[in-house]
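Engineer: Sequence:
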Amino acid sequence: MIRVVVVDSGIDGEHPAVRGRAAVVRGPAFGCVDEPEPDVLGHGTAVAATVLRFLPPGSIELVALRVFAREPVCTFEAVLEALEHAVSLQPALVNLSLGTTSLRHRRALQALLGRAKAMGT
Numbered sequence: 066m067i068r069v070v071v072v073d074s075g076i077d078g079e080h081p082a083v084r085g086r087a088a089v090v091r092g093p094a095f096g097c098v099d100e101p102e103p104d105v106l107g108h109g110t111a112v113a114a115t116v117l118r119f120l121p122p123g124s125i126e127l128v129a130l131r132v133f134a135r136e137p138v139c140t141f142e143a144v145l146e147a148l149e150h151a152v153s154l155q156p157a158l159v160n161l162s163l164g165t166t167s168l169r170h171r172r173a174l175q176a177l178l179g180r181a182k183a184m185g186t
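In this text, residue positions in the sequence shown follow the numbering used here: the first is 66, and each later residue adds one.
These aren't lab readings, by the way, just hints derived from the structure by calculation.
Treat the hints with care, since some could be wrong.
Claimed, not checked - DEER-style ranges, computed between Cβ atoms:
#1 P121 / A173: 30 to 36 Å
#2 P137 / P93: 14 to 20 Å
#3 R180 / R135: 29 to 35 Å
#4 E149 / E126: 17 to 23 Å
#5 E100 / H150: 17 to 23 Å
Glycine residues also receive a C-beta, built at the ideal position from the N, C-alpha and C atoms.
Kindly produce the complete structure, drawing on both the sequences and the hints.
Structural biologist: Structure (structure tokens):
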């Protein structure tokens, strides 16, 4: 089983582009209120569907780590916390389809990415 972590707005495992193609695991929320709905915004589900287009069906475990709820806005501390958790899961891939214009957290992000790369993620 290939573990893929998606740091985003959640993943709707019942969406037609995801359902039956991967096991979806709902991980914790970071820096936002955890919504009972799997993905209100829809961006995380779109990212998951895109990732699944390139991987064999049925061999994927998608782990959804939520940093967004109803708007695509969060603190970068929440992103770093989610990435720490993602790296601890030792996935094959971590998808982070978001950005920042601030360089304030650059060193922390580089350190996390270095750890992930060293373990083969």
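Engineer: Against this structure, judge whether each hint is valid.
Structural biologist: Against the structure, the hints:
Between P121 and A173 the C-beta distance comes to about 34 Å, which sits within the given range of 30 to 36 Å. At roughly 19 Å, the beta carbons of P137 and P93 sit within the given window of 14 to 20 Å. Look at R180 against R135: about 31 Å separates their beta carbons, and that is inside 29 to 35 Å. The supplied range of 17 to 23 Å is met by E149 and E126, whose beta-carbon atoms lie about 19 Å from each other.
Hint check: E100 to H150, Cβ distance near 18 Å, so the stated range 17 to 23 Å holds.
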